[in-house]
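Enquirer: Here is what each chain is made of, one letter per residue.
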Amino acid sequence: NAGVTQTPKFRILKIGQSMTLQCTQDMNHNYMYWYRQDPGMGLKLIYYSVGAGITDKGEVPNGYNVSRSTTEDFPLRLELAAPSQTSVYFCASSYSFSDDQPQHFGDGTRLSIL
Amino acid sequence: AQSVTQPDIHITVSEGASLELRCNYSYGATPYLFWYVQSPGQGLQLLLKYFSGDTLVQGIKGFEAEFKRSQSSFNLRKPSVHWSDAAEYFCAVGPGTYKYIFGTGTRLKVLA
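First to last, the sequence lines map onto chains A and B.
Heads up: the first sequence at position 96 corresponds to 96 in this note's numbering, and the numbers run straight through without jumps.
Heads up: the second sequence at position 53 corresponds to 53 in this note's numbering, and the numbers run straight through without jumps.
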């Protein structure tokens with residue numbers, strides 16, 4: 001199994017540009033998450049989804065949007081890129097929303113806004 | 001407030017030496033606890049988890065962790081470190097306000 005796949009792996013954007021970070025999983029997980037990772041800050045939850053058609057904000061949602069039209073895909077959209085959004089973005093999925101279920105992570109997208 | 005603290009930002013050990021990475025949490029009830037490892041350029045991989053029962057849990061790659069309720073700690077240990085263990089390690093707690101709360105990570109360097 002491929003697990004959680006993120007594309008692209010690297011991207012440089014100019015301020016004000018938009019882009020979509022792709023995330024797909026082949027484990028039939030209902031629950032999917034987007035995190036950003038900044039140096040010395042750990043992981044912060046941006047958005048999460050409990051199933052197709054259902055999404056909700058996490059800790060740091062401003063400047064981002066998500067959609068979940070299928071179980072497999074959970075894209076993250078940046079509409080007006082800002083330097084503060086320079087970060088490493090991780091997508092994750094889990095079988096359930098139970099707190100004893102670990103998350104499976106993708107390899108990340110490294111995004112720079114210049 | 002729920003939180004996870006990893007006091008050590010960087011740790012350097014010699015290959016073959018023992019390792020202990022610290023994790024302290026603040027939580028109102030019995031937490032679910034996790035340790036993840038992140039190799040350079042990779043996502044996070046689960047090392048081990050604790051939910052209940054035996055407070056000493058075994059994980060992959062020879063790692064273990066001990067839950068100490070009285071100290072609100074869940075420290076990660078390995079008896080003999082290998083060069084391939086160089087990575088960043090994250091402690092996480094659930095459930096939090098946003099389901100999983102991650103620590104800020106400890107970066108491990110291994111000297112040959």
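Simulated from the structure, these hints should not be mistaken for laboratory data.
We treat Cβ as the ideally placed atom computed from N, Cα and C, and that holds for glycine.
Take these hints with a grain of salt, some might be off.
Keeping only pairs whose Cα atoms sit at most 30 Å apart, straight-line, the calculated DSSO-like set for lysine-lysine is [to be verified]:
#	chain 1	residue 1	chain 2	residue 2
1	A	Lys44	B	Lys68
2	B	Lys99	A	Lys57
3	A	Lys57	A	Lys9
4	A	Lys14	B	Lys49
5	A	Lys9	B	Lys61
6	B	Lys49	A	Lys9
7	B	Lys61	A	Lys57
8	A	Lys44	B	Lys49
9	A	Lys44	B	Lys109
10	A	Lys57	B	Lys109
11	B	Lys68	B	Lys109
12	B	Lys68	A	Lys9
Label-pair distances were calculated between CB atoms; the ranges are [what the hints assert, rightly or not]:
#	chain 1	residue 1	chain 2	residue 2	range
13	A	Met19	B	Gly41	32 to 40 Å
14	B	Thr12	A	Thr70	40 to 48 Å
15	B	Leu56	A	Ser84	36 to 44 Å
Enquirer: Decide, hint by hint, whether the structure agrees.
Expert: Against the structure, the hints come out as follows:
{"no.": "1", "hint": "A:Lys44 <-> B:Lys68", "in the structure": "26 Å, holds"}
{"no.": "2", "hint": "B:Lys99 <-> A:Lys57", "in the structure": "12 Å, holds"}
{"no.": "3", "hint": "A:Lys57 <-> A:Lys9", "in the structure": "24 Å, holds"}
{"no.": "4", "hint": "A:Lys14 <-> B:Lys49", "in the structure": "41 Å, violated"}
{"no.": "5", "hint": "A:Lys9 <-> B:Lys61", "in the structure": "27 Å, holds"}
{"no.": "6", "hint": "B:Lys49 <-> A:Lys9", "in the structure": "28 Å, holds"}
{"no.": "7", "hint": "B:Lys61 <-> A:Lys57", "in the structure": "35 Å, violated"}
{"no.": "8", "hint": "A:Lys44 <-> B:Lys49", "in the structure": "20 Å, holds"}
{"no.": "9", "hint": "A:Lys44 <-> B:Lys109", "in the structure": "24 Å, holds"}
{"no.": "10", "hint": "A:Lys57 <-> B:Lys109", "in the structure": "36 Å, violated"}
{"no.": "11", "hint": "B:Lys68 <-> B:Lys109", "in the structure": "26 Å, holds"}
{"no.": "12", "hint": "B:Lys68 <-> A:Lys9", "in the structure": "39 Å, violated"}
{"no.": "13", "hint": "A:Met19 <-> B:Gly41: 32 to 40 Å", "in the structure": "20 Å, violated"}
{"no.": "14", "hint": "B:Thr12 <-> A:Thr70: 40 to 48 Å", "in the structure": "45 Å, holds"}
{"no.": "15", "hint": "B:Leu56 <-> A:Ser84: 36 to 44 Å", "in the structure": "42 Å, holds"}
The structure does not agree with the numbered hints 4, 7, 10, 12, 13 stated previously, though it agrees with the rest.
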